[in-house]
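Student: Make the full structure from the sequences, and use the hints.
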Amino acid sequence: MKKKVILVQPHLGKYDMFIRDLPLSLLYAGCLVDRSKYELKLFDQRVEPDFEEKLIAELKTGQVLCVALTVMTGEPINFALKTCRLVKETANVPTVWGGIHPTILADQTLEHDLVDIVVRGKGEFIFKELVETLDANGDLSQVKGLSYKTPENEILHNEDSHAFDADSIPIPPYDLVDIGNYKRSGFDFQVMSFITSRGCPHNCTFCYITSLSNKERRWQAEEVSKTVDHLEHVMKLYSPDYISIIDDDFFVNVKRGKSFFEEVERRNIKIKWGLRGVRIDEILRMDDSILRLLERVGMEHMNIGVESGSPRMLEMIDKAINIEEVLEANKKLADYKKLEPLYNFFSGLPTETEEDLKCSTDLIEKLLTENPQAQISGFHQFTPYPGNPLFDTAVEHGFVPPANLETWARFRLESNAENLPWIDEKRKNLLDMIYFTVYFVDRKYENFIMRENLFNRLVYPLVLIYKVLAKYRFKHHFTGFPLDIYLKDSFYFATDFLKKLKFRKIPSWSLRS
Numbered sequence: 001m002k003k004k005v006i007l008v009q010p011h012l013g014k015y016d017m018f019i020r021d022l023p024l025s026l027l028y029a030g031c032l033v034d035r036s037k038y039e040l041k042l043f044d045q046r047v048e049p050d051f052e053e054k055l056i057a058e059l060k061t062g063q064v065l066c067v068a069l070t071v072m073t074g075e076p077i078n079f080a081l082k083t084c085r086l087v088k089e090t091a092n093v094p095t096v097w098g099g100i101h102p103t104i105l106a107d108q109t110l111e112h113d114l115v116d117i118v119v120r121g122k123g124e125f126i127f128k129e130l131v132e133t134l135d136a137n138g139d140l141s142q143v144k145g146l147s148y149k150t151p152e153n154e155i156l157h158n159e160d161s162h163a164f165d166a167d168s169i170p171i172p173p174y175d176l177v178d179i180g181n182y183k184r185s186g187f188d189f190q191v192m193s194f195i196t197s198r199g200c201p202h203n204c205t206f207c208y209i210t211s212l213s214n215k216e217r218r219w220q221a222e223e224v225s226k227t228v229d230h231l232e233h234v235m236k237l238y239s240p241d242y243i244s245i246i247d248d249d250f251f252v253n254v255k256r257g258k259s260f261f262e263e264v265e266r267r268n269i270k271i272k273w274g275l276r277g278v279r280i281d282e283i284l285r286m287d288d289s290i291l292r293l294l295e296r297v298g299m300e301h302m303n304i305g306v307e308s309g310s311p312r313m314l315e316m317i318d319k320a321i322n323i324e325e326v327l328e329a330n331k332k333l334a335d336y337k338k339l340e341p342l343y344n345f346f347s348g349l350p351t352e353t354e355e356d357l358k359c360s361t362d363l364i365e366k367l368l369t370e371n372p373q374a375q376i377s378g379f380h381q382f383t384p385y386p387g388n389p390l391f392d393t394a395v396e397h398g399f400v401p402p403a404n405l406e407t408w409a410r411f412r413l414e415s416n417a418e419n420l421p422w423i424d425e426k427r428k429n430l431l432d433m434i435y436f437t438v439y440f441v442d443r444k445y446e447n448f449i450m451r452e453n454l455f456n457r458l459v460y461p462l463v464l465i466y467k468v469l470a471k472y473r474f475k476h477h478f479t480g481f482p483l484d485i486y487l488k489d490s491f492y493f494a495t496d497f498l499k500k501l502k503f504r505k506i507p508s509w510s511l512r513s
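Using this note's numbering, read the sequence shown as starting at 1 and increasing by one per residue.
No more than 25 Å apart at the CA atoms, straight line, and that leaves these computed lysine-lysine pairs for DSS-like:
#1 255 / 270
#2 366 / 331
#3 258 / 226
#4 428 / 14
#5 183 / 14
#6 272 / 337
#7 60 / 128
#8 272 / 258
#9 471 / 331
#10 226 / 128
#11 255 / 226
#12 255 / 215
#13 255 / 272
#14 226 / 270
#15 332 / 366
#16 3 / 149
#17 3 / 54
#18 337 / 258
#19 4 / 54
#20 331 / 272
#21 4 / 37
#22 149 / 82
#23 332 / 272
#24 82 / 41
#25 128 / 215
#26 82 / 14
#27 270 / 236
#28 272 / 226
#29 226 / 236
#30 236 / 272
#31 467 / 358
#32 4 / 82
#33 338 / 258
#34 88 / 149
#35 128 / 37
#36 467 / 428
These are computed hints drawn from the structure, not numbers from a lab.
Tutor: Right under this line is the structure:
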């Protein structure tokens, strides 16, 4: 009988309502495991309500080598710990954590009695070797890229693994999941996430990337023909309607990006596209031939990091762009009617003033005015990641780093004000207002809310009415009589509840009708 390797995708919390992408990190983690010797199982808590019963049944077979989880900062930590507790209560099986959070905070992660092993950084080769070592009852100290606890509870860190080679990674084992579970909410679109490169060469001081070693963060891209072969495989077996490329930065090499889409066009692959990682300076380096090519191959959405409308904040985060370049890129994209830029912003930095925030909201209004296709994908709050420059700045301004996993689990993407001492109650109220109303200042609901069922037909005119108040609040930073802001959590709860009842479908912030 084959030994079993269990992979678990934890709940994301509130974001389960909106983020239902393939668990690619786990699929890639398992892609080098020898399936002639080992049985791989993947449980995704977001789509499998009975996953606990399934996990217990697998553990009781006595054949499980390990249970591996990918873990993000914030709410997913709680769900991961709950899963590990279930594992420990059921069987004597090691728990393995991977992902950015345990990579950056391996010591603190392993201090928790429910976590046994951490795979640091890109895990494909490391996890393969770990599985084989566990099966042979071998020496974990020989597995590069691993951190672990000894039987005496001593935490050890092996040297980094530098075995990763993008072109040596095979097509992920998509058969481990039901692809149909990952339709983007609201449209019944079959959306597949796709990776063509790893790493990022830029130095944004707020980003987790700058917490990693230079070798770990080094940008590596797959050879174009290999990537398009992978795409054809996906198209043939799963017939998706939309490919979402989730590279940290796809256009590091604009020439390589152009070659990729030229090959897509040459092979006559018909699909809609979205890009998660695009920079303003990359847009400015693109000529008309590239942008027309993107339109021809079906590109619809490009998530672009602007981050702030304040020149002072842009300098502080070392974004290496300026406001004039942002406006120039936005006007440039306005000439390409099929391309929809989705701009990302964040706030909550130490020393940020209300005037800095006003610069951001004013810039957002200008971007939306000067490019009718433009939308704002979100306005999130700063999270200090250990190891990057802004973490030290945050500590200097009173931030007390969480001492354990449970405290990190209280961090939220949309609001961490209670964890950031430089944000007082007045500023928190302002930020809460901005984070909520930003979803109503553009055309998201006109484009995304579905009107073919009773609930949506009722909600749609209410949304249009609320947009008037939302835009006024956003433009003037008006936080008075904030009943609507206080009710936002009820909105999220109702949305999730109705979705679970299949009474309505939730709009995606990434697809248009």
